[in-house]
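Residue numbers (our numbering), protein chains in the order written: chain H, 1 to 520; chain F, 1 to 299; chain V, 1 to 351.
Honestly, I wouldn't trust all of these hints.
BS3-like, lysine-lysine: derived pairs with alpha carbons at most 30 angstroms apart [claimed, not checked]: (1) V:K238 - H:K291; (2) V:K11 - H:K392; (3) V:K238 - H:K287; (4) H:K224 - H:K162; (5) H:K410 - V:K344; (6) H:K408 - V:K11; (7) H:K62 - H:K224; (8) V:K238 - H:K368; (9) H:K382 - H:K368; (10) H:K368 - H:K410; (11) H:K368 - H:K392; (12) H:K62 - H:K162; (13) V:K11 - H:K368; (14) H:K392 - V:K238; (15) H:K368 - V:K344; (16) H:K404 - H:K368; (17) H:K62 - V:K344; (18) H:K410 - H:K392; (19) H:K392 - H:K382; (20) H:K368 - F:K285; (21) H:K162 - H:K75; (22) V:K344 - H:K408; (23) V:K238 - H:K382; (24) H:K162 - H:K183; (25) F:K285 - H:K287; (26) H:K281 - V:K238; (27) H:K281 - H:K291; (28) V:K11 - H:K410; (29) F:K285 - V:K238; (30) H:K291 - F:K285; (31) H:K201 - H:K183; (32) H:K75 - H:K62; (33) H:K75 - V:K344; (34) V:K238 - H:K410; (35) H:K224 - H:K183.
I should point out that these hints are in silico values taken from the structure, not numbers from a laboratory.
Each chain is listed here by its residues.
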Amino acid sequence: MTSGDRSLLALENITKRYGDLVANDDVNLEVAPGEVVSMLGENGAGKSTLMKITYGLVRADKGTVRVNGEEIDLKSPRDAMAAGIGMVTQEFSLVETMTVAENIALSGVGLGRVDPADLRERVLEVMDRVGVHLPPDQIVGALSIGERQRVEIIKALFHDCKVLILDEPTAVLTPQDIEALFKTIRRLRDDNLGVLFVSHKLREVAEISNRVVVLRHGRMVANKPIEETTAQSLAALMMGVTPDTTTAGDTPLAAVDPRAVSKTAEARQEVQTAKSLLTIKDLSVEKGGIKALDSINLTVHAGQILGLAGISGNGQSQLVDVLSGTLPTSAGQISVENVDITDSNVTERLRAGLGRLTEDRRGTTFAKMSVEHNLVVEDLHKFRRTGMLDRKAIRRHANELIEKFAIKAKPSDAVGSLSGGNIQKVLLARALHRDPKVLIAAQPTRGLDIGTTGYVHEQLRDRAAQGAGVLLISEDLDELRALADRIAVIFRGTIVGELDVADATAERLGIMMTGGEEAA
Amino acid sequence: MTINILALIGATLTIATPLIWAAVGEVIIEKTGILNLGIEGTMYAGAFVGFVAAHRSGSVWVGLGAAIIAGIIAGLAMGLFAVTLGLNQHVSGLGITLLLIAACDFVFRLLYSGERPSLTRKFDVWFSGNDVFGQHWLTYVAFLVLAPLAWWLMRSSGMGYRLHAVGESFEAAEVAGISVNRTRYAALAVGGAMMAVGGAFITLAMLGTFTLQITGGRGWVCIALVIFARWRIWPAVGGALLFAVVNALQLQLAITPLFSDIPREIMLALPYLAVIIALTVWGRKVRYPSTYLQAYRRA
Amino acid sequence: MRLVVREEIPKWTGPAAIAVAVAITVAITAVPIRIAGANPVAAFERYLITPLSSMSSIYEVMLTATPLLFTGMAVAIAFRAGYWNIGAEGQFLVGAIGATAVGINLPNLPAAVALPLGMAMGAVGGLIWSVVPAWLKRHGGIDEVVTTLLLNPVALLLVQGLLNGPWRNPETGFTDSARIGTGYDLPALIPGTRVHWGFGIAIIIIIISGIVLTRTATGMRIKAAGQSPHTAEFSGIKVGVLQWRAALISGAIAGMGGASQVMGVQHQLTFGISTNYGYTGVIVATLAGLSAVGVALVAGLLGTIGVGAQNVSLVLQVPTQLGAMFSALLMLAVLSMVTLRRFKVRWRAER
Chain H
1 MTSGDRSLLA LENITKRYGD LVANDDVNLE VAPGEVVSML GENGAGKSTL MKITYGLVRA
61 DKGTVRVNGE EIDLKSPRDA MAAGIGMVTQ EFSLVETMTV AENIALSGVG LGRVDPADLR
121 ERVLEVMDRV GVHLPPDQIV GALSIGERQR VEIIKALFHD CKVLILDEPT AVLTPQDIEA
181 LFKTIRRLRD DNLGVLFVSH KLREVAEISN RVVVLRHGRM VANKPIEETT AQSLAALMMG
241 VTPDTTTAGD TPLAAVDPRA VSKTAEARQE VQTAKSLLTI KDLSVEKGGI KALDSINLTV
301 HAGQILGLAG ISGNGQSQLV DVLSGTLPTS AGQISVENVD ITDSNVTERL RAGLGRLTED
361 RRGTTFAKMS VEHNLVVEDL HKFRRTGMLD RKAIRRHANE LIEKFAIKAK PSDAVGSLSG
421 GNIQKVLLAR ALHRDPKVLI AAQPTRGLDI GTTGYVHEQL RDRAAQGAGV LLISEDLDEL
481 RALADRIAVI FRGTIVGELD VADATAERLG IMMTGGEEAA
Chain F
1 MTINILALIG ATLTIATPLI WAAVGEVIIE KTGILNLGIE GTMYAGAFVG FVAAHRSGSV
61 WVGLGAAIIA GIIAGLAMGL FAVTLGLNQH VSGLGITLLL IAACDFVFRL LYSGERPSLT
121 RKFDVWFSGN DVFGQHWLTY VAFLVLAPLA WWLMRSSGMG YRLHAVGESF EAAEVAGISV
181 NRTRYAALAV GGAMMAVGGA FITLAMLGTF TLQITGGRGW VCIALVIFAR WRIWPAVGGA
241 LLFAVVNALQ LQLAITPLFS DIPREIMLAL PYLAVIIALT VWGRKVRYPS TYLQAYRRA
Chain V
1 MRLVVREEIP KWTGPAAIAV AVAITVAITA VPIRIAGANP VAAFERYLIT PLSSMSSIYE
61 VMLTATPLLF TGMAVAIAFR AGYWNIGAEG QFLVGAIGAT AVGINLPNLP AAVALPLGMA
121 MGAVGGLIWS VVPAWLKRHG GIDEVVTTLL LNPVALLLVQ GLLNGPWRNP ETGFTDSARI
181 GTGYDLPALI PGTRVHWGFG IAIIIIIISG IVLTRTATGM RIKAAGQSPH TAEFSGIKVG
241 VLQWRAALIS GAIAGMGGAS QVMGVQHQLT FGISTNYGYT GVIVATLAGL SAVGVALVAG
301 LLGTIGVGAQ NVSLVLQVPT QLGAMFSALL MLAVLSMVTL RRFKVRWRAE R
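Just chain H, same shape as in the assembly (with noise of 0.2 angstroms):
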């Protein structure tokens, strides 16, 4: 290790027990003026953490950090802030109330009179600095994601931050805001900043920064410069594996690598003509003059996954709960296989076929009821005896479906105290027990862990082999190329163009994506 001299940054030490979890173990980590380092690591591998420890929002147990070689006792974020650090957390903490300019001065502020014409004066004046603008006046209820974190961003610079954390800043943005971000860290780091990126994107980070550091189950395993990794020796890291074995077996690897999985053309194309399970037809959803969801027309067919791209905010959440039944229809027909569901109730979408796997599996589950309430409280009327609920029946249904999906419960365990694996494998328990025509799937991946991923990936392939249709979410083009046979795009509220897997470069989608051009 260098000594702390020329480092703007210092995390010595730094270790966090939650319980028996370690979440980081003595890390140690240095950046310096003007340098770009990321960060890399899997989910729960204790990247959040510790850049919660360095900005004051989580107490490490042991372990310094230093700026400028100074020890500081980081007590809130206010103590990080005064000691030039700042942060763009990963879910923005922007007040959707308040304007750009309130935002960005709130961490200033103290009791008594702010000045509206010197705050904008000077938040106008950290924009210029960074090449961002945004109308200090907006309310930032009605900014896009990007436009988001560039307020964030300057809300970091507004306090002549040193060193800026960016925590999985890419997750959410097209890759055009994505470019732009670059740039941005780009003019901060030619400005003597230094920048901590985290991330768990490859690309990316070989993009953008000077030195490399990979944490996994909270140590730090790597710590090189840009130019002495490799692709797959850093994915190896993160992965624990070494990289001669990364190629045998059913490796978390492969199962995102499109080629590995897509089916051939010809298959696709006798997909093409199989009978259509779900049909969307002109469908739109008007909430308060807004339109969320303009003439959307898409078809799932028997055995096929549709997969459908977007940035999020474009609607999809609408989609999903319209076609599940918590929206009402404004206009247009939803039906599954030849019954028109338009304006039926949830009970009645399930009878006719319809699964739901939603983004939000923590609000689609009662959390203080146990794990066998949850898997019936959709069909409590087939588990009625003379009236009363069946108890047995009940814990015998949810025994049977314990074991077919490896769910890692008992029966009356609470949801609440599950993992986001199980508590997805406790909603997959649900909607596909009932044997779907039709399963929609938004972002059902999202937050899991590798070896649950991969689970739910085969599941979703299983459906549409056995003949169901799969109308697969995601924002994470790597998971629709490797699933979809063709990718459908939607921005604000209108599909753009549907394509067909193998011609859905990430380019071509990102473009769609962001309304630049509209494929046929």
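Mind docking chains F and V on chain H? Use the hints.
Relative to chain H, chains F and V alone:
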């Protein structure tokens, strides 16, 4: 029939005063996402403690000071339950109200069983004799200092920014270095003090005496006003004036021949019904603060 | 002081938390008892033990618990469905008005007609008082907490208006109503005691509610709707309809409590027909963890304290309000301690 408009305005301003004090306090608290159903009990405690302290010491100022301290304690108690422990806010607030009312009634029985005590000196009335301007200083403060100041603080001060941020996003507040729980405690203490002043106004300025059930659901009215006002100061003041004008009108009509036959209780119920109607007209599908009813716990 | 989440909650902490909560409540309420000039030990004996030490006082406890069984169950049903009915007080009062209305206007009905009619009118009264907030919630999205709360003082004014006006006692001129027809008097449940059939009806309602809430599909839907309305909607549960029904049933049960108090105890409408039974119902339901069995037990406990409070007030001159202080404090203490179980207390974060 004759209605003395000036007297009506004067009575309206007086009746609105305790509601304004308490409603402004509740706006400040609810802005941070906490529903304080302890408001009724806090007003009651303010009225009672203020009265007893004034009665025993002979000074209304001592009474007011004691009421403020009682209000702060009530607010901090709500903080203990709803902020530190994160208990259900409905139940915590209602529990505090029931506890405070029972405790005040208990002490009242002990101190004055069977008597009807009253103060020898209430707060003075300024411009005494004038129908409209003959008001207590706390009324002037409510309209000319409290409401404008609270409005300005909400809008253009760091304090207002902080309350707003805590009420809308725990993450945004914490990342900006604003402690969610400390801000909420501060709001509860200040808001509690205001509620208690509202209660004390009833005993120390309006009536000069204390009777059981003296607040009569005025705290619940304030909860309704805050929602109706959508967490803004001036509409809450307007709502308080609406309740007060219906109430004042009732007092006048009771001595007007044509209306004096209408049972007094129906007239007394009208202000409550007016607030419910106002709520159904302007309080539909309001947007609550995002962190409403939620407790925050730091990781 | 900082609270840190415990990973696992040891089983023994459950009873321990409640024991600590009771100890805290007793310790705190000992202060006002002392101030009132009584010996706390002697007082607590009379609050908690004397009422249960003879059959005759146990009957008094049952009598005192009866209105709380109604209001406690009423509140528990609504809370379970996620409908915050804090208007049981008003619904209880209007239920009492309903029973009195038929009781004094049709006084000569035979018991076979009068009893069901009186109870039904109580239910209708409570229902009427709960229908406006429930309707506004369902169709206007207006918070039921506020509307149910605001209707409580209105119900009290309605009682006062009736008693000062049309229903003023014609014989005595006092502000209480005429005696209801004797056909409306709820017969004694246990012959020779004041325990009337209102207690029996309350227990039947609690048993039925308990079975419906825990053993049927409807019960599970209610629980689901209360825990997470959005998730429930997603699962095909019609939350709005369920809450609407729960609100009305809750109001009806609270109203029957009012009828039971008129027909079983007072036999007329009085200003003091409810001594905060509706608000205390919130305490009962909360301490009961919203379960039917719990409501029966907690109502029994608060009934015991209620009887004790009368006794202590007569013998030791401690005002009866101490009973109300005790129950409110007990609720806050139990909730706090049960929650505190989930945390470890750390006095200072170590570095």
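Hint check results:
At most 30 angstroms may separate the alpha-carbon atoms for a hinted pair to count; K238 of chain V and K291 of chain H meet this at roughly 26 angstroms. Among the hinted pairs, K11 of chain V with K392 of chain H is consistent with the structure: their alpha-carbon atoms are about 26 angstroms apart, no more than 30 angstroms. Only pairs whose Cα atoms come within 30 angstroms are accepted, and K238 of chain V paired with K287 of chain H is accepted, the gap being roughly 21 angstroms. Our distance criterion of 30 angstroms between C-alpha atoms is met by K224 of chain H and K162 of chain H, whose separation comes to about 22 angstroms.
At roughly 27 angstroms between alpha-carbon atoms, K410 of chain H and K344 of chain V fall within 30 angstroms of each other, so this suggested pair holds. Taken as a hint, the K408 of chain H and K11 of chain V pair is honoured in the structure, with Cα atoms around 22 angstroms apart against an allowance of 30 angstroms. The hinted pair formed by K62 of chain H and K224 of chain H meets the criterion: a straight-line CA distance of about 25 angstroms does not exceed 30 angstroms. Only pairs whose Cα atoms come within 30 angstroms are accepted, and K238 of chain V paired with K368 of chain H is accepted, the gap being roughly 20 angstroms.
Restraint check: the Cα-Cα separation between K382 of chain H and K368 of chain H comes to about 22 angstroms, which is no more than 30 angstroms; the hinted pair holds. Simply put, K368 of chain H and K410 of chain H have alpha-carbon atoms about 14 angstroms apart, close enough for the 30 angstroms limit, and the pair holds. Under the criterion of a C-alpha separation no larger than 30 angstroms, the hint pairing K368 of chain H with K392 of chain H is consistent with the structure, at around 21 angstroms. The suggested pairing of K62 of chain H with K162 of chain H holds, with an alpha-carbon distance near 24 angstroms, which does not exceed 30 angstroms.
Restraint check: the Cα-Cα separation between K11 of chain V and K368 of chain H comes to about 17 angstroms, which is no more than 30 angstroms; the hinted pair holds. For the hint linking K392 of chain H to K238 of chain V, the alpha-carbon distance of about 26 angstroms falls within 30 angstroms, and the restraint holds. Our distance criterion of 30 angstroms between C-alpha atoms is met by K368 of chain H and K344 of chain V, whose separation comes to about 21 angstroms. Restraint check for K404 of chain H and K368 of chain H: the C-alpha separation of about 23 angstroms stays at or below 30 angstroms, so the hint holds.
With a C-alpha separation of about 20 angstroms, the suggested pairing of K62 of chain H with K344 of chain V holds against the 30 angstroms cut-off. Our distance criterion of 30 angstroms between C-alpha atoms is met by K410 of chain H and K392 of chain H, whose separation comes to about 15 angstroms. For the given pair, K392 of chain H sits about 13 angstroms from K382 of chain H by alpha-carbon distance, which is consistent with the 30 angstroms threshold. Among the hinted pairs, K368 of chain H with K285 of chain F is consistent with the structure: their alpha-carbon atoms are about 28 angstroms apart, no more than 30 angstroms.
Pair hint K162 of chain H plus K75 of chain H holds up; C-alpha atoms about 19 angstroms apart against a cutoff of 30 angstroms. Distance restraint check for K344 of chain V and K408 of chain H: the Cα-Cα separation of roughly 28 angstroms lies within the 30 angstroms cut-off, and the hinted pair is therefore satisfied. With a C-alpha separation of about 18 angstroms, the suggested pair K238 of chain V and K382 of chain H falls inside the 30 angstroms cut-off, and the hint holds. Straight-line distance between C-alpha atoms of K162 of chain H and K183 of chain H comes to about 18 angstroms, which keeps the hinted pair within the 30 angstroms bound.
With a C-alpha separation of about 14 angstroms, the suggested pair K285 of chain F and K287 of chain H falls inside the 30 angstroms cut-off, and the hint holds. With a C-alpha separation of about 27 angstroms, the suggested pairing of K281 of chain H with K238 of chain V holds against the 30 angstroms cut-off. Of the pairs offered as hints, the one joining K281 of chain H and K291 of chain H holds, with about 16 angstroms between alpha carbons and a cut-off of 30 angstroms not exceeded. For the hint pairing K11 of chain V with K410 of chain H, the CA-to-CA distance comes to about 18 angstroms; that is within 30 angstroms, so the pair holds.
At roughly 19 angstroms between alpha-carbon atoms, K285 of chain F and K238 of chain V fall within 30 angstroms of each other, so this suggested pair holds. For a cut-off of 30 angstroms, the pair hint linking K291 of chain H to K285 of chain F stands: about 20 angstroms separates their Cα positions. Taken as a hint, the K201 of chain H and K183 of chain H pair is honoured in the structure, with Cα atoms around 18 angstroms apart against an allowance of 30 angstroms. Restraint check for K75 of chain H and K62 of chain H: the C-alpha separation of about 14 angstroms stays at or below 30 angstroms, so the hint holds.
For the proposed pair K75 of chain H and K344 of chain V, the alpha carbon gap of about 20 angstroms is at most 30 angstroms, so the pair holds. For the given pair, K238 of chain V sits about 29 angstroms from K410 of chain H by alpha-carbon distance, which is consistent with the 30 angstroms threshold. For the hint linking K224 of chain H to K183 of chain H, the alpha-carbon distance of about 23 angstroms falls within 30 angstroms, and the restraint holds.
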